[in-house]
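Enquirer: Residue-level listing of the chains:
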Amino acid sequence: MNDKLIARLTVEAFLADYMLAIDSDRLEEWHDFFTQDGTYRVTTRENEELGLPLNIMSCRGHGMFKDRITALRTANIFEPHVYCHIPGALRITGMKGDVIESESTFTIIRTTNHGDMRVFVCGRTRDRIVLGEGGPKLIDRTVILDSRQIETLLVIPI
Amino acid sequence: MNDKLIARLTVEAFLADYMLAIDSDRLEEWHDFFTQDGTYRVTTRENEELGLPLNIMSCRGHGMFKDRITALRTANIFEPHVYCHIPGALRITGMKGDVIESESTFTIIRTTNHGDMRVFVCGRTRDRIVLGEGGPKLIDRTVILDSRQIETLLVIPI
Amino acid sequence: MNDKLIARLTVEAFLADYMLAIDSDRLEEWHDFFTQDGTYRVTTRENEELGLPLNIMSCRGHGMFKDRITALRTANIFEPHVYCHIPGALRITGMKGDVIESESTFTIIRTTNHGDMRVFVCGRTRDRIVLGEGGPKLIDRTVILDSRQIETLLVIPI
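Residue numbers (numbering that gives the first Met the number 0), protein chains in the order written: chain A, 0 to 157; chain B, 0 to 157; chain C, 0 to 157.
Treat the hints loosely; a few may be bogus.
Since copy identity is lost for identical chains, a pair holds within one copy or between any two.
Claimed, not checked - No farther apart than 25 Å at their CA atoms in a straight line, the calculated lysine to any residue pairs in the SDA-like style are these: (1) K136 x M0; (2) K65 x E28; (3) K3 x D24; (4) K3 x I21; (5) K3 x R44; (6) K136 x N1; (7) K3 x S23; (8) K3 x L26.
Note that these hints are calculated values from the structure, not bench results.
Using the sequences and the accompanying hints, generate a full structural model.
Expert: The structure is reproduced here in structure tokens:
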């Protein structure tokens, strides 16, 4: 097995942990998947292709990640629902020292309390991950949604 | 590659075999993915969170697995349909000797004879798998559905 | 790790590259995932079970692959849409020398310009892949759709 294949397996396992933390409502762990000053943003394919700087969601640094989850836990009012992340295709797009760049597709099935179950969003991510003693961490994660429309408030992170 | 990553790949390949056996209608092989006295149950997230012991489906031991498939082949009347299992995120939650514990998410797309195609169920599994000479076997498999509602009789195993 | 597990990882990474090329609209690379005289066909589960030779789409050799993409780029009129391939379960069904045979399931979520997002197709593939200096290449790829109906013209390859 070459280095690229091993990097792919490492990223795959790490992103699976990330998705399962969110789907299991362990949102207080979310920031810890990022480096101290890691960044996260969600945009749409259309914005990305047009080069528009608009983001649907954006965070930088552990403080903002934690604030967002606190808001979600205390202030936001939304219909209870759960996510089921389905990872799609994953490929390594770059490797430099301890840093791995990857892109991947994903789908999220959302189930509401009423039992309604549907494809909520799908799209792709571009991730930069640094390997370290404490395990891999995201330097930045960009989520690019295929659809320009988000049916409901995007509350839970992707 | 560390032991945990290798365990993850082993479980992933094993669960893919499991899903493809079901999706290929090789249901007579189902029991053989379990140990002789293996257990299988399907419940909902709501029941699991409330600690309710209610199961939607439950089997213990090869005899019950085989009975269930015989019933499906001969007695049950249901609209013909096929499953397409899409495995989701997978992580190893424990390793003790030859036994690996894992959790994973999944989605099933069901297609009826009329061509209707939809997300049938999604949710997660908790699996305990023992490695042996005859290949991995499930000691127990718990399927926890995100939705409290199952639109139709759950006939084919998940 | 045994040879079969390594073959599985190699095929998985290769098919992920294939899917991401298509989902990223890098369709001009499509032919290059196949050997010079590689074949590709799309059929339905029903046709396959009845032994019917009807194909929904069929290509042999790089020339036909390229023609198909040229037609798509220039001649076909269809509503703009993007695919999001979600790979499903994958297993190795044969290994002989440099050739690996595999089967896998998949789902495609299609998003139109209006933002409509739905399960477009799901089904399975049977692939024969040859390993070589230039990386893996498909000798043949058969896509077997679960549904007998394709809602719209199948324009973009699967």
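Enquirer: Hint by hint, note whether the structure agrees.
Expert: Hint by hint, here is what the structure shows:
no., hint, result
1, K136 x M0, "both (23 Å within a copy, 18 Å between copies)"
2, K65 x E28, "within (9 Å within a copy, 42 Å between copies)"
3, K3 x D24, "between (32 Å within a copy, 24 Å between copies)"
4, K3 x I21, "between (27 Å within a copy, 21 Å between copies)"
5, K3 x R44, "neither (27 Å within a copy, 36 Å between copies)"
6, K136 x N1, "both (22 Å within a copy, 18 Å between copies)"
7, K3 x S23, "between (30 Å within a copy, 21 Å between copies)"
8, K3 x L26, "between (30 Å within a copy, 24 Å between copies)"
In the structure shown, a violation is registered for the earlier hint numbered 5 alone.
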